[in-house]
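Asks: Kindly produce the complete structure, drawing on both the sequences and the hints.
Mapping of the sequence shown onto the working numbering: residues 1 to 78, in sequence order.
No lab work stands behind these hints: they were computed from the structure.
Honestly, I wouldn't trust all of these hints.
Said to hold, decoys possible - Here are the simulated SDA-like cross-link-like pairs (lysine to any residue), alpha carbons at most 25 Å apart as the crow flies:
no.: 1; residue 1: K69; residue 2: C6
no.: 2; residue 1: K69; residue 2: I57
no.: 3; residue 1: K69; residue 2: Y43
no.: 4; residue 1: K69; residue 2: G19
no.: 5; residue 1: K69; residue 2: M4
no.: 6; residue 1: K69; residue 2: I55
no.: 7; residue 1: K69; residue 2: I9
no.: 8; residue 1: K69; residue 2: M8
no.: 9; residue 1: K69; residue 2: I56
no.: 10; residue 1: K69; residue 2: L16
no.: 11; residue 1: K69; residue 2: G22
no.: 12; residue 1: K69; residue 2: S11
no.: 13; residue 1: K69; residue 2: L13
no.: 14; residue 1: K69; residue 2: G10
no.: 15; residue 1: K69; residue 2: A7
no.: 16; residue 1: K69; residue 2: I59
no.: 17; residue 1: K69; residue 2: G12
no.: 18; residue 1: K69; residue 2: G27
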Amino acid sequence: RFPMLCAMIGSGLAGLLCGLNGVMANGIGVGGLPGILSIQPSYWQVFALAMAIAIIIPIVLTSFIYQRKYRLGTLDIV
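Replies: Here's what the structure looks like:
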């Protein structure tokens, strides 16, 4: 359950960054990592940073929460 929530937080932060910087696309193209191909070239740097945030934040949050739950003994193995 918590990895999905961590992924949603990371995606939300990446979307916030793109929205605040006014990142524009040429059209509705591919999503995910190859999505940079549909972004206008002037926004590639901001979009690349947003992609890094969308990858790194969920990994760090999931690792942190997993370790915390493991230490407290509340980790449910399914």
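Asks: Evaluate each hint against the coordinates.
Replies: Outcome of the hint check:
no., hint, verdict
1, K69 / C6, "14 Å, holds"
2, K69 / I57, "18 Å, holds"
3, K69 / Y43, "39 Å, violated"
4, K69 / G19, "33 Å, violated"
5, K69 / M4, "16 Å, holds"
6, K69 / I55, "22 Å, holds"
7, K69 / I9, "18 Å, holds"
8, K69 / M8, "19 Å, holds"
9, K69 / I56, "20 Å, holds"
10, K69 / L16, "28 Å, violated"
11, K69 / G22, "38 Å, violated"
12, K69 / S11, "23 Å, holds"
13, K69 / L13, "24 Å, holds"
14, K69 / G10, "20 Å, holds"
15, K69 / A7, "17 Å, holds"
16, K69 / I59, "15 Å, holds"
17, K69 / G12, "24 Å, holds"
18, K69 / G27, "42 Å, violated"
When the structure is compared with the earlier hints, violations turn up for hints 3, 4, 10, 11 and 18 and for no others.
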